[in-house]
Each structure stands twice: as C-alpha cells, then as structure tokens.
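Peer 1: The task is simple: from the sequences and hints, build the whole structure.
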Amino acid sequence: MPSSHDTTQRSATISVLVDNEAGVLARVIGLFSGRGYNIDSLTVAPVERDGKQSRINIVTSGTSMVIEQIKAQLDRLVPVHRVADLTQEGPHVAREMALIKVIGTGEMRVEALRIADTFRARVVDTTVGSFVFELTGATEKLDAFIDLMHGLGLAEVSRTGVAAIARGTRVM
Amino acid sequence: MSAELIQSGAEILLRALKDQGVEVIFGYPGGAVLPIYDAIFQQNAIRHILVRHEQAAVHAAEGYARSTGRVGVVLVTSGPGATNAVTGLVDALMDSIPIVCLTGQVPTHLIGNDAFQEADTTGITRPATKHNYLVKRAEDLARVVHEAFYVARSGRPGPVVIDLPKDVVINPAPYTEAAVMHPTYRPQTEPDHGQIARAVALLKQAHRPMIYAGGGVINAGPEAAAALTKFVRMTGFPITNTLMGLGAFPASDPHFLGMLGMHGTYEANLAMHGCDVLLAIGARFDDRVTGRLNAFSPDSQKIHIDIDGSSINKNVPVEVPIVADAGRALAALIEQWNADPTPVETGAIATWWRHIDTWRAKGCLTFTQDMRRGGVIKPQYAIQRLYEITKALDREVFITTEVGQHQMWAAQHFKFERPNHWMTSGGLGTMGYGLPAAMGVQIAHPDALVIDIAGEASIQMNIQEMGTLAQYRLPVKVFILNNQYMGMVRQWQELLHGSRYSETYSEALPDFVKLADAYHAKGLQARTVDELDDVIHAMLACPTAVIADIAVDQAENCFPMIPSGAAHNQMLLGPEHEESGHGVTDEGLALV
Ligand SMILES: Cc1cc2nc3c(=O)[nH]c(=O)nc-3n(C[C@H](O)[C@H](O)[C@H](O)COP(=O)(O)OP(=O)(O)OC[C@H]3O[C@@H](n4cnc5c(N)ncnc54)[C@H](O)[C@@H]3O)c2cc1C
Ligand SMILES: Cc1ncc(C[n+]2csc(CCOP(=O)(O)OP(=O)(O)O)c2C)c(N)n1
Ligand SMILES: [Mg+2]
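Note that the protein sequences, when read in sequence, are chains A and B.
Note that my numbering numbers the first sequence so that position 107 is 107, with each residue one more than the last.
Note that my numbering numbers the second sequence so that position 522 is 522, with each residue one more than the last.
Mimicking DMTMM-like on lysine to aspartate or glutamate, the simulated pairs with C-alpha atoms at most 20 Å apart in a straight line are:
| id | chain 1 | residue 1 | chain 2 | residue 2 |
| --- | --- | --- | --- | --- |
| 1 | B | Lys314 | A | Asp75 |
| 2 | B | Lys362 | B | Glu576 |
| 3 | A | Lys101 | A | Glu140 |
| 4 | B | Lys314 | A | Asp6 |
These stretches of chain A come out as covered by chain B in the derived footprint (C-beta under 8 Å, 3 or more residues):
| id | segment |
| --- | --- |
| 5 | 19-31 |
| 6 | 55-69 |
| 7 | 79-90 |
One side only, chain A facing chain B, incomplete, derived with CB under 10 Å:
| id | residue |
| --- | --- |
| 8 | Gly34 |
| 9 | Ala72 |
| 10 | Gln73 |
| 11 | Leu74 |
| 12 | Asp75 |
| 13 | Arg76 |
For the record, the hints were derived by calculation from the structure and aren't laboratory data.
All residues carry an ideal CB built from backbone N, CA and C; glycine is no exception.
Peer 2: Below you can see the structure in the form of structure tokens.
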C-alpha cells in the first residue's frame, strides 16, 4: 500500500504498448510534462510486423505513490494497450546503446582504445585523430565508460535511451 | 456491412451522428464547416441550435448531457471557433461530462502552412480532452465518429474532439456501421468481489462510519443513485455529497449531512474528520474537499470506489481500492451486505449519530434576515425563498449556477432530491457556465423550470446567450444575486488580504432590467426583502426568459469556510457563531 508519508524516491522502468497512431507519443510526453513527472529516458519504436503497435520504454523516478499514479495515468490514455512496471513485476533486462566520439592523439588515444576494449566497446569509425565507439549495456555501464572518456578527449555522445524487457517466459 | 452507398463526408458525418442517437447539435458556422452546415440544411433529423459564442456551445452541450445522461454534441469552425471552445472542453474534462466536439479544419494539403483560420486544434486540445482525433480520409470518418461517442461516454466520461479538414467532409466515401467493441479502450466496470467482501467486512465493524459520494454516482446513472439511497438506508450510515454529487442522495433524508468541503457543513466535515471507516464512491478527493491533506480524515480506514484507477490513491492513500462503475459496485455492496452475517456495531453507531446530531444542532448554515420593510436581502434568504416557492410548484426544476458565492449558497440552501437536476462548474470553476448550461438543459426539457442562479459578474461572461434564448423561445430564468462585487474574491481579500478590495468591485454594471428588455426577455428587480417574493412569483409566472436582478447584502460572506491549508476541524463559522477557526497559515496563503 503506498503511503503519502513515504517520500523515498525510486526509479522505475515502465513499458507501454500503444496503438501506433498519430500523436500518441505527444500524448505520453504531454502527460509527463503536464503533470510534472520526471522522464529520465524514453524510447519508442514500432514492435509489430504490421507496424500497428509501438512500444514506449520510459525510465522515470518518484515516490511509490507518484509512480503508481504515472502508471494509472498512462493506462487511461485511449490508445494504450498495456502498461508494465518492469522494475516491480520481476527481473528484467534493460539496455541502451551509445555512440561516443573521442578526439585525441598519442598516449590518450592508446588509453581510450584500451579502456574501450575492457568495456567491450566496438570501434565503428576511426580516423588518425578520432574514434567513434559503440557501446551497449546497462545505463550505469555506459555512464562509467563515458566518465572515463572525459579525460581522454571525449567530444560527443549520442545515446538511444533504455530498451527493456522482462526476463524468462513473462511477456507483456 | 453496407459499403455500397457513396456519400460526401458531411453526409456520412450526419448519418453517423443520427446512428448515435443525436437529436441536437450546439454550434456556430464558419468557412471550414460550410459543407457540414450545407448538409444540416438539407435534413430534419438533427436540430441545430445556433449559439452566440463557441464557449457557450460547449456549456450548453454540458447542460444537455448532465441533465439527460446522454452525450452532448458541439460543432464549431476552425481556428477561432475551436480556440473559443477550449474553455468549455476543459470544463467538461474536469467535471467528467461526455461531449463530442466537431471542429472544422483547413483542408489536409494546407495543414501546417499557417493557412487562413488554421490552428493546431488537436495539439491545443490534447490536454483539454479525454481523447481527440484528426480525420485524414473520408473513409475513416464514420468509424472515428462512432469511436468518439464510445470514448466520450464510457468509463470516466469526458470531452472528445474530432478535427475535420474541409476536404474530408467534401470527399465521397462509403459508410461504416458502428463497431460493437473498441479495439483497445475497455474500462473496467465490474468490481472485484474479494475487494467488495473486504469493504463490507470493514464497514460492518465500523464504529464511526461515513459515506462520501460524488459526481461519479451521477455519471453512473439514476440506478446508481437509487442503489446508493438503498445502501445508506439499509446501513443507517451518515452520508455527505460533494458539490458535484448533490442530488445523488435525497437532501431531505435524515442520513444526509449536507455538502462537505471548503464550504460544506460543520456536521459533514467533522464527521469526515472523526470517522473510523470512510466509504468514498465516485469522488476524487479534490483539494476543495480534503483541506490539508495530512490532516484529512486522519483516523479512518478508507474504501474508494472509482471507475478511473488514476483517481484512487492520487491524493489520499486508501486501504481498499475498488475500480468499478459506482452502480455495479453499489449493487455488489448491497448483495454482500445482506450475505455477510456479521452484525453491525449498533451501539457504537448510535453514539456516533448522537455526536453528529450535536454538530448538526449548531445550525452552521443559519443566517439572520431582517424582515422589516426595506430590509436588505440576505443572499441565503433569496435562495431559500427560491427553493421554497419552486418546491411548492408541481414542476420539474433544474438549477444551474455561475461561479462564486452565489454558487456555494445555492449548494447549501437549495435541496436536491434527485440526480441530474443540478449543474455547476466544479472542477474548473468557470464563470459564464450557468446561462449556456441552462440553455442546454431547457432544450432537453422544454417544459421544465430551468433557473440559472447567477452573480452579477459571472453572468456578464456569457450574457450574449440571452439572444439564443430569444431565438429559440427558451424560458430560462436568470436569478442574479447582485452584491455588486466579485463576492467570492472579495471574501478572500477580506479574510486573507487585509480587506484590500483590489479590482473586485463590479463597477459600471448594466441595468439588467433594460438589458433583459433589449434581449426580448422580461427584466425584474428586487431591492428590498419585501419585494423578493413578488419578484420570484412574477419570474416563475413569466412565459419567456427572465432576468431577475436581486440586490443582496454586499458584505455577506459564505460560511462555513475551511481556509486554504486548514483541516476539516478548523472551520471558520459565520458571525452567528462565536467559535472560530485558526486562521490561515503562510503555506495556506500560497494555495488557491
Ligand atoms: C468556488 C468553488 C468552491 C468549491 N467548494 C467546494 C466545496 O466546498 N465542497 C465540494 O465538495 N466541492 C467544492 N467545489 C468543487 C470542487 O472543486 C470539485 O469540483 C468537486 O469537489 C469534485 O467533486 P467529486 O469529487 O464528486 O468529483 P467529480 O469531479 O464529479 O469526479 C467524479 C469522480 O467519479 C469518478 N467516476 C466517473 N464516473 C464514474 C462511474 N460511472 N462510476 C464510478 N466512478 C465514476 C471519476 O473518475 C472521478 O474520480 C468548489 C468549486 C468551486 C468553483
Ligand atoms: C472565467 C473565470 N475568471 C475568474 C474566476 C475567478 N473568480 C471566482 S469567483 C469570482 C467572482 C464571481 O463574482 P460574481 O459572479 O458576482 O459572484 P459572487 O461571488 O459575487 O456571488 C471570480 C472572479 C473564475 N472562477 N472564472
Ligand atoms: Mg457578485
């Protein structure tokens, strides 16, 4: 039972199956901005072969009462089929991908490549003065890698945001 | 499926409306909707009521919907037509009123080009509606209309906009019948029986039970109100209604404690504060009702029945959440109440009623009317007389209101025995709601007595609708409690801002009698208490629309009042009572 006195914040990864109609993303985003909820990350793409349904993954944070409210508010949008709180419903996998551009030469360049290797980042573009690394993994892993690159010529970052799915046989 | 007949989009639209049982549209024409108006001209099945402002069209549709339980329909043109309707749409959204609003739009190939009278209507109305559609092909039109009606009336009702580009209503297409099921939107209406059993178990062991019922019971239809009445009488529990719920339970029944909340009764608010089990039905724990949240009904276990899961645990955490239609849930509660053999705590409940009766004995709504000739009319007295005189008539009476003190006095002193006879703007608090809403009610109930209890400031916000009353010979009665102030704001200035009456005096008022005359209606005026009854009788006897301008005490405040940020047991009572509340805290000053 959520308690109004419980002010501890938690993070929640919520997946939403929606009809892929015009304006559906605006509805979801408008709900978050209009009601003052946080969006830490948001991804969206069609997930059915006929393109009729999309899956939106949202990472948000708030008190339990707020997160329950976010789910209830999402659930009552007309084009929403289902809302799943992956954080609460059991173990799940959450991954994101980042493209990270590092510009540098000499010792810094060698060090960047060595760290990329331990993180299992792939080099997807290279020039004599730069690398673009591709790294997939949990948000924290990406954060840690990007942190390390700061001292090694980090120039630009492009991240996808989190895609998430339940472990095991459970489906939405 | 009859796909053979090819019609224009406008004809498809009207056929779909007719198939949805629509009899009346409230609207206003313009360039983008000309083909629709042309189709309206060529048929007789659906009546069009021409308003004088698009906001009024939506309020009229709200009055029509609230008084009939049906979906209200609005038709406006693109651009300014649509933007003028927005206040009405938000009003309907806040108060859960089913509306379908058709808006014209520039042709599809011009959308996004800043074309003449183009506005991003679906963008603007997205947060103002339950759902909205932009129809891009005439083939989709019939399906979207059927879907829109289903969405507007199902689950928690609300307004739905259908934006119609001009080419879409011109292009020919086949007609599609209404689908039986909506693909995704299927609100839960049946209660979970385990939860109903838990609710009854809690209620049976209650020592100080309380029922708090709101507008959702009205939304659920007259059977829900009947079930509520039955449940209250079989349990013997006390009940209060929200502003939106008035009429869901008969006000004359001794179980009724009156309205609760900011301007609710002493007995209702103290019973909310002191109860040990609270049953909330179709009510959304609005801040006007709860007062300070951490002091709201602090000792109770709470059961909440609501069709919208997002209303539950939104403001106040509850022990037994029940997502269901109020009518279905009440039927299940009644059944389970009879099936559960546990006896109620009769002794404790009798003690509880004795407490309530001492609170009641305070007579928190008492006022003193100077009955001498020339005495200043108290606004409460004007409403009391209006109630008593109309009650004695053998007529169906509908009351609408504007927003302000007069609205609260109407809620306190007019007694409602049945649902759907009281229409007021609760959630948005829209001044200018009452006159057009009354118009919509009168269209739906041509023989009934429809009265807008108004303030002299609010009435000016949609006064142009007097023209609509004249055109359609609608005998709506506008009963203005004229205190020459935006009284509700003046009251806050008096109590919270050192009596600095900044911009709240109603300067340069029109002569309402002449104004009525100019609009082909009857104007009446009561200046002193001895004139009041005659004016009310003359108003009721008049076959046309009337504006009755009732001069009332300019300094009167509306009590009881729970100041912002205070708790239910910190009510301010009126000058008739010595006891007073604790005043307003600094945090309270920041609240509305
Ligand atoms: C000047 C002013 C002063 C006010 N003062 C007060 C005051 O003192 N007291 C007061 O009560 N209000 C007051 N209000 C009104 C207040 O702002 C709210 O509008 C009102 O309290 C809400 O009423 P409600 O809780 O019944 O909810 P509504 O707005 O009527 O909402 C209905 C609820 O029922 C649910 N529902 C809908 N259909 C169904 C169904 N079929 N089955 C089950 N549930 C359903 C909905 O999901 C929603 O949660 C005031 C307004 C103004 C303008
Ligand atoms: C459209 C709109 N603007 C402003 C307000 C704020 N407001 C609430 S009550 C009120 C005064 C209403 O005055 P009047 O109609 O004379 O009613 P009274 O309170 O005097 O009975 C105002 C300005 C509002 N509710 N609606
Ligand atoms: Mg006034």
